[in-house]
Amino acid sequence: MTHDTDPNRVGTPAEPAETDQIFQPQDAAASEGEPSADQPAGAEGRVQELEQEAAEFKEKWLRAEADNQNLRARAKRDVDDARQYAVQKFARDVVEAAENLRRAIASLPAAQEGEDSVLTKMREGIESTERSFVSILERHGIKCDDPQGKVFDANLHQAMAEQPSAEHAPGTVMQAWTPTWTLHGRLLKPAMVVVAKAAE
Numbered sequence: 001m002t003h004d005t006d007p008n009r010v011g012t013p014a015e016p017a018e019t020d021q022i023f024q025p026q027d028a029a030a031s032e033g034e035p036s037a038d039q040p041a042g043a044e045g046r047v048q049e050l051e052q053e054a055a056e057f058k059e060k061w062l063r064a065e066a067d068n069q070n071l072r073a074r075a076k077r078d079v080d081d082a083r084q085y086a087v088q089k090f091a092r093d094v095v096e097a098a099e100n101l102r103r104a105i106a107s108l109p110a111a112q113e114g115e116d117s118v119l120t121k122m123r124e125g126i127e128s129t130e131r132s133f134v135s136i137l138e139r140h141g142i143k144c145d146d147p148q149g150k151v152f153d154a155n156l157h158q159a160m161a162e163q164p165s166a167e168h169a170p171g172t173v174m175q176a177w178t179p180t181w182t183l184h185g186r187l188l189k190p191a192m193v194v195v196a197k198a199a200e
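Heads up: the sequence shown is residues 1 to 200, going by the UniProt record's numbering.
Simulated from the structure, these hints should not be mistaken for laboratory data.
Be careful, since some hints might not be right.
Stated by the list, open to error - For lysine-lysine, the following DSS-like pairs were computed, each having C-alpha atoms within a straight-line distance of at most 30 Å:
1) K189 / K143
2) K121 / K143
3) K58 / K143
4) K76 / K189
5) K76 / K121
6) K150 / K189
7) K76 / K150
8) K197 / K150
9) K89 / K76
10) K89 / K197
11) K150 / K89
12) K60 / K76
13) K58 / K76
As the list claims (entries may be wrong) - Okay, the calculated beta carbon distance ranges per label pair:
14) D78 / E124: 21 to 29 Å
15) A43 / D81: 52 to 60 Å
16) D80 / E162: 38 to 46 Å
17) G185 / D116: 18 to 26 Å
18) W61 / Q158: 48 to 56 Å
Cβ atoms here follow ideal geometry from the backbone N, Cα and C, with glycine treated the same way.
My request is simple: use the sequences and hints to build the entire structure.
Structure, rendered in structure tokens:
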């Protein structure tokens, strides 16, 4: 039996051999332009990391800003305090002068009818000077307070003695030798007082 080897014979073309790999257009497109299944998860994780870092930086910035504002407020308060209380020593000396005027008034005899006019004018002059002096001090934040009859306050009063009293409640200031002096609300000089205690 012979094989027909005529080159001019027209026949059906030979079919290509089958292979295990099958070309699929959609897979090719996916491999060229689209990320793999692992890529989206990795990108999402990176985004979360960046968001967390941004949140941490924002929190640190807010903390730093708050600290900066507190520092500015503290510095301003310190400057204001220094301005207000820089004259504290001078104010104490001035207060001594005011108390001396009060002592001078207290040392004068009580006003009486028919007293010498010189004494009357002297008393009036000292009292007027004392009132004017205290008014000037008050304009500059220096104030005095008479604690007599008030409850004893260790922050404002200095107890020089205790006396039994049936007329005053225990712990009440029954006598004030000097007033309480303050500078812009801060204690400048405590009042020297006698405090009542229960009668024996």
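These are the hints, each one checked on the structure:
Taken as a hint, the K189 and K143 pair is honoured in the structure, with Cα atoms around 10 Å apart against an allowance of 30 Å. A distance of roughly 27 Å separates the Cα atoms of K121 and K143; the hinted pair therefore holds under the 30 Å criterion. Pair hint K58 plus K143 does not hold up; C-alpha atoms about 49 Å apart against a cutoff of 30 Å. Annotation: proposed proximity of K76 to K189 holds, straight-line Cα distance about 26 Å (limit 30 Å).
Of the pairs offered as hints, the one joining K76 and K121 is violated, with about 49 Å between alpha carbons and a cut-off of 30 Å exceeded. Restraint check for K150 and K189: satisfied, since their Cα atoms lie roughly 17 Å apart, inside the 30 Å limit. Annotation: proposed proximity of K76 to K150 is violated, straight-line Cα distance about 36 Å (limit 30 Å). Taken as a hint, the K197 and K150 pair is honoured in the structure, with Cα atoms around 14 Å apart against an allowance of 30 Å.
Annotation: proposed proximity of K89 to K76 holds, straight-line Cα distance about 22 Å (limit 30 Å). A C-alpha spacing of about 35 Å is found between K89 and K197, which places the hinted pair above 30 Å, so the restraint is violated. As the CA atoms of K150 and K89 are separated by approximately 28 Å, the hinted pair is consistent with the 30 Å bound. Restraint check for K60 and K76: the C-alpha separation of about 24 Å stays at or below 30 Å, so the hint holds.
Note on K58 and K76: the hinted pairing holds, with a Cα-Cα distance of about 27 Å set against a maximum of 30 Å. Under the hint 21 to 29 Å, the C-beta atoms of D78 and E124, about 46 Å apart, miss the expected range. In this structure the hint that A43 and D81 lie 52 to 60 Å apart at CB holds, the actual value being about 57 Å. Between D80 and E162 the beta carbons are some 39 Å apart, a value that agrees with the proposed interval 38 to 46 Å.
At roughly 43 Å, the beta carbons of G185 and D116 sit outside the given window of 18 to 26 Å. Range check, W61 to Q158: Cβ separation about 51 Å, and the 48 to 56 Å hint holds.
Hint violations for this structure: numbers 3, 5, 7, 10, 14 and 17, all remaining hints satisfied.
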